[in-house]
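Participant: The hints should help you fit chain B onto chain A, whose structure is shown.
Listed here are the chains, written in short residue letters.
There are 2 protein chains.
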Amino acid sequence: MRSAAKMSRRNFLMTSGAATVWASGTAHGYTAAEMRVKAAGGDLTGVSKWDLDTPALCVDLDKLEQNIATMRKSLAVVKVASRPHAKTHKCPAIAKLQLAGGSIGICTAKISEAEVFSANGVEPILMTTSNVTPNKIRRAMAIRKANRQFIQAVDYPQNALDLNDAAKEAGISADIVIDVAVGTRSGVPAGDQAVALAKLVDKLPYLKLRGVISYDGSAQHIKGFKNRLDQTLKRFEPSIETLEKMQRAGLSTEIFSGGGTGTYNILPKAPGVTDLQVGSYIFMDCQYLEIGGESNDEVYTDFAPSLTVLATVLNTYFEKSITTDAGAKALTLNKPGPWVIGEKDFVYNAGSDEFGVIKYEKAERSYKVGDKLELIVPHCDPAVNEYDQLYAIRKDRVEAVWPIAARGHSQ
Amino acid sequence: MRSAAKMSRRNFLMTSGAATVWASGTAHGYTAAEMRVKAAGGDLTGVSKWDLDTPALCVDLDKLEQNIATMRKSLAVVKVASRPHAKTHKCPAIAKLQLAGGSIGICTAKISEAEVFSANGVEPILMTTSNVTPNKIRRAMAIRKANRQFIQAVDYPQNALDLNDAAKEAGISADIVIDVAVGTRSGVPAGDQAVALAKLVDKLPYLKLRGVISYDGSAQHIKGFKNRLDQTLKRFEPSIETLEKMQRAGLSTEIFSGGGTGTYNILPKAPGVTDLQVGSYIFMDCQYLEIGGESNDEVYTDFAPSLTVLATVLNTYFEKSITTDAGAKALTLNKPGPWVIGEKDFVYNAGSDEFGVIKYEKAERSYKVGDKLELIVPHCDPAVNEYDQLYAIRKDRVEAVWPIAARGHSQ
Numbered sequence: 073m074r075s076a077a078k079m080s081r082r083n084f085l086m087t088s089g090a091a092t093v094w095a096s097g098t099a100h101g102y103t104a105a106e107m108r109v110k111a112a113g114g115d116l117t118g119v120s121k122w123d124l125d126t127p128a129l130c131v132d133l134d135k136l137e138q139n140i141a142t143m144r145k146s147l148a149v150v151k152v153a154s155r156p157h158a159k160t161h162k163c164p165a166i167a168k169l170q171l172a173g174g175s176i177g178i179c180t181a182k183i184s185e186a187e188v189f190s191a192n193g194v195e196p197i198l199m200t201t202s203n204v205t206p207n208k209i210r211r212a213m214a215i216r217k218a219n220r221q222f223i224q225a226v227d228y229p230q231n232a233l234d235l236n237d238a239a240k241e242a243g244i245s246a247d248i249v250i251d252v253a254v255g256t257r258s259g260v261p262a263g264d265q266a267v268a269l270a271k272l273v274d275k276l277p278y279l280k281l282r283g284v285i286s287y288d289g290s291a292q293h294i295k296g297f298k299n300r301l302d303q304t305l306k307r308f309e310p311s312i313e314t315l316e317k318m319q320r321a322g323l324s325t326e327i328f329s330g331g332g333t334g335t336y337n338i339l340p341k342a343p344g345v346t347d348l349q350v351g352s353y354i355f356m357d358c359q360y361l362e363i364g365g366e367s368n369d370e371v372y373t374d375f376a377p378s379l380t381v382l383a384t385v386l387n388t389y390f391e392k393s394i395t396t397d398a399g400a401k402a403l404t405l406n407k408p409g410p411w412v413i414g415e416k417d418f419v420y421n422a423g424s425d426e427f428g429v430i431k432y433e434k435a436e437r438s439y440k441v442g443d444k445l446e447l448i449v450p451h452c453d454p455a456v457n458e459y460d461q462l463y464a465i466r467k468d469r470v471e472a473v474w475p476i477a478a479r480g481h482s483q
Numbered sequence: 073m074r075s076a077a078k079m080s081r082r083n084f085l086m087t088s089g090a091a092t093v094w095a096s097g098t099a100h101g102y103t104a105a106e107m108r109v110k111a112a113g114g115d116l117t118g119v120s121k122w123d124l125d126t127p128a129l130c131v132d133l134d135k136l137e138q139n140i141a142t143m144r145k146s147l148a149v150v151k152v153a154s155r156p157h158a159k160t161h162k163c164p165a166i167a168k169l170q171l172a173g174g175s176i177g178i179c180t181a182k183i184s185e186a187e188v189f190s191a192n193g194v195e196p197i198l199m200t201t202s203n204v205t206p207n208k209i210r211r212a213m214a215i216r217k218a219n220r221q222f223i224q225a226v227d228y229p230q231n232a233l234d235l236n237d238a239a240k241e242a243g244i245s246a247d248i249v250i251d252v253a254v255g256t257r258s259g260v261p262a263g264d265q266a267v268a269l270a271k272l273v274d275k276l277p278y279l280k281l282r283g284v285i286s287y288d289g290s291a292q293h294i295k296g297f298k299n300r301l302d303q304t305l306k307r308f309e310p311s312i313e314t315l316e317k318m319q320r321a322g323l324s325t326e327i328f329s330g331g332g333t334g335t336y337n338i339l340p341k342a343p344g345v346t347d348l349q350v351g352s353y354i355f356m357d358c359q360y361l362e363i364g365g366e367s368n369d370e371v372y373t374d375f376a377p378s379l380t381v382l383a384t385v386l387n388t389y390f391e392k393s394i395t396t397d398a399g400a401k402a403l404t405l406n407k408p409g410p411w412v413i414g415e416k417d418f419v420y421n422a423g424s425d426e427f428g429v430i431k432y433e434k435a436e437r438s439y440k441v442g443d444k445l446e447l448i449v450p451h452c453d454p455a456v457n458e459y460d461q462l463y464a465i466r467k468d469r470v471e472a473v474w475p476i477a478a479r480g481h482s483q
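Protein sequences appear in the order of chains A and B.
Residue numbering for the first sequence follows this note's numbering, beginning at 73 and increasing consecutively.
Residue numbering for the second sequence follows this note's numbering, beginning at 73 and increasing consecutively.
Okay, chain A solo, but in the shape it has when bound (with noise of 0.2 Å):
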């Protein structure tokens, strides 16, 4: 998807989906329990994308692989590993992908998350929050004991205490990494702080050190590439001299994670960083399409977005306006967004719970009630969250039915 010529937005939606309305009349329109049947039984031959009860959340796997080898290819020329973020996709079949691609672990933002992926068979897991109950500790600790590849985050001195009792309790060593903040929404501050705290956990015997995450949220999305660059590097910089400070005092640095989609680029650039907390980069959405790229100041191309929410035209009666069957359930109220494929001049307002409605002053083509449109969606991760499958299409095939396993464990 690179290109070096400038692509605007407009032209961006007219090529990344030519031609993929579809008329009415025809289709099936299988219904989600229907299309589960069918993917049990093995049998999915010949059920076209265009043939699911809409809304429908779809993947385009050609992209998916594409936007996989991409990363991996990009990282492997900077020595820098990637270790996805699951909270983007909560689908163990993708994080699977995910790790035969190039990745070495998956995070998780919830412990709930964590459960779902580890009983579902992936194992090496970070989990980015730190559980502060004694409820959510506890479950830690049982992932733990069953699976000695989760690691998980601390970011206060009672909660590594705290851990420590109930590792001890579990009969287990526990692994931890100090989450240092960027910003102030998570972590502890970066500086003397943090150090302290690694120093604590490095001494706690039924805790084991690994290092450091450091997450800047508010970075991915800082427009135009300089001013990614230099913002992310300059509020990296305190992250930076802790972990430095880290190594003076012998502490473990093994692992220093941080970045996303916004960053992958760029944080690699940053010293001893050892991982990517990339999500979004499988999927895209509109807010990662706007935020411009190296390469294009006007889309950002360097990912292909797979992402889709396929939804059906309603109305047509009143002007220059479309009613569709997605609205804020289906598609989450993020913005900018949705951007229709194959219409350059399409506004869709999401706003509705159930209904979107498109404002228009020129179409491509004419639509009647019963055709179908193509959605990229506002922001990935929460539109992820409001449906229990995702469709892998392959051609506009079908070629397999994903749980979304953790859909909703915002526990």
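A portion of the hints provided could be inaccurate.
Any copy, or any two copies together, can satisfy a pair, since identical chains are not distinguished.
The calculated DSS-like cross-link candidates involving lysine-lysine, where the alpha carbons are at most 27 Å apart (straight line), are [claimed, not checked]:
id	residue 1	residue 2
1	LYS407	LYS295
2	LYS407	LYS431
3	LYS240	LYS440
4	LYS416	LYS295
5	LYS341	LYS275
6	LYS341	LYS467
7	LYS217	LYS168
8	LYS280	LYS217
9	LYS306	LYS431
10	LYS416	LYS240
11	LYS280	LYS431
12	LYS440	LYS416
13	LYS145	LYS280
14	LYS407	LYS110
15	LYS306	LYS392
16	LYS110	LYS217
Worth flagging that the hints you see were computed from the coordinates, not collected in a lab.
Facilitator: Coordinates of chain B only, in the frame set by chain A:
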């Protein structure tokens, strides 16, 4: 909750849930799965809402029952029925409480929702969106065949013909209401086009015309009662004229359904209205609280906010900032809100997928990691759609665990 006195949002937040903050360290923290097991075993004795693993979606039963009673009482005076929209709660247990509380039926937005409620023993269902694909039409007929109280909406002549064919094939007569547009989102334009469609439905041998639905989504959240009253009745005039034309043509107008929580005391003033499609009144949310009511310009206090999300404090390192475990996947991005019960100055940003970030100048108490907060959700419908189960609470004790059986059913 009605009060002649003006009540600001700030005072409302202090009086609607004083002393609901829970201090860390003692609660069990039952997981969703553990709570399902407990509920199935019939033993929820002594489980406090503060024992739930967070984020947790809760409904206060006293307030829910109060809201059902308030609606019943208010509509009894004007001799209009309620036909609550189940897209709000997606929960058969709540639909049954509404029917027991005097509602004449429920509405659903999607065929997959209608299937869930019908399968769970809720029979009087009016589906407010038309079914336009062959698959959905077939499913609608299957519901109608099993459930004689199923009614569906139509807004296109071709759709009426398709439904007639499908009803014939299924060996049934399908009950139909004409969806008359208010605004430009869904429905047939009011006036001659709508009357012609009603005549077509009336003539088709396998369809039975039952009347009209006409919902004004834009009217519900107009701020200020007088303004909302004036605009609602003005915008509804073409629907009334359409109904009167149908009556003069001798067509059935047995049903004339519309309105919502914001207009429950307005739409009954329109002639001919038989029932209201109220949804949010059972739960309330920040969006409705801030529209103001007839007796209180500042806060809409006609119904009590029964729906809350419990969240846990994760981080307090940073000045005048608190991070919680409830972000967009727990609360949605709808504005305004969420509101923190008991804290009038907190500004809660659910913009992160996994975290909530509170900024404040002044707090009623101090917070530490592990403490719990109770939040009123920004917009109840999509927030409910993020959860698999709803905890039914009475006086802070869990009385039932209700599956949100139609969650994710956006098809």
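Participant: Now, for every hint given, state plainly whether the structure supports it.
Facilitator: Hints, verified against the model:
1. Proximity of LYS407 to LYS295 under the C-alpha cut-off of 27 Å is found in both arrangements, the shortest distances being 14 Å within a copy and 24 Å between copies.
2. Taking the shortest Cα distances, LYS407 and LYS431 sit within 27 Å of each other both inside one copy (16 Å) and across copies (22 Å).
3. In this homomeric assembly, LYS240 and LYS440 come within 27 Å of each other (Cα to Cα) only across copies, at 25 Å, whereas the closest approach inside a single copy is 65 Å.
4. In this assembly of identical chains, LYS416 and LYS295 lie within 27 Å of each other by CA distance solely inside one copy; the values are 21 Å within and 35 Å between copies.
5. Taking the shortest Cα distances, LYS341 and LYS275 never come within 27 Å of each other, neither inside one copy (32 Å) nor across copies (73 Å).
6. Taking identical chains as interchangeable, the C-alpha atoms of LYS341 and LYS467 are never at most 27 Å apart, the minima being 37 Å within one chain and 56 Å between chains.
7. Taking identical chains as interchangeable, the C-alpha atoms of LYS217 and LYS168 lie at most 27 Å apart only when both belong to the same chain, with a minimum of 21 Å there against 44 Å between chains.
8. In this assembly of identical chains, LYS280 and LYS217 lie within 27 Å of each other by CA distance solely inside one copy; the values are 14 Å within and 63 Å between copies.
9. In this assembly of identical chains, the alpha carbons of LYS306 and LYS431 lie at most 27 Å apart only when taken from different copies (24 Å versus 41 Å within one copy).
10. In this assembly of identical chains, the alpha carbons of LYS416 and LYS240 never lie at most 27 Å apart, being 59 Å within a copy and 42 Å across copies at closest.
11. Proximity of LYS280 and LYS431 under a CA criterion of 27 Å is satisfied in neither setting, with 56 Å inside one chain copy and 34 Å between copies.
12. In this homomeric assembly, LYS440 and LYS416 come within 27 Å of each other (Cα to Cα) only inside a single copy, at 18 Å, whereas the closest approach across copies is 49 Å.
13. In the homo-oligomer, the alpha carbons of LYS145 and LYS280 never lie at most 27 Å apart, since the shortest distance is 32 Å inside one protomer and 63 Å across protomers.
14. When the C-alpha separation of LYS407 and LYS110 is checked against a cutoff of 27 Å, the pair qualifies neither within a copy, at 35 Å, nor between copies, at 41 Å.
15. In this homomeric assembly, LYS306 and LYS392 come within 27 Å of each other (Cα to Cα) only across copies, at 24 Å, whereas the closest approach inside a single copy is 47 Å.
16. In the homo-oligomer, the alpha carbons of LYS110 and LYS217 lie at most 27 Å apart only across protomers (25 Å), although the nearest pairing inside one protomer, at 37 Å, exceeds that limit.
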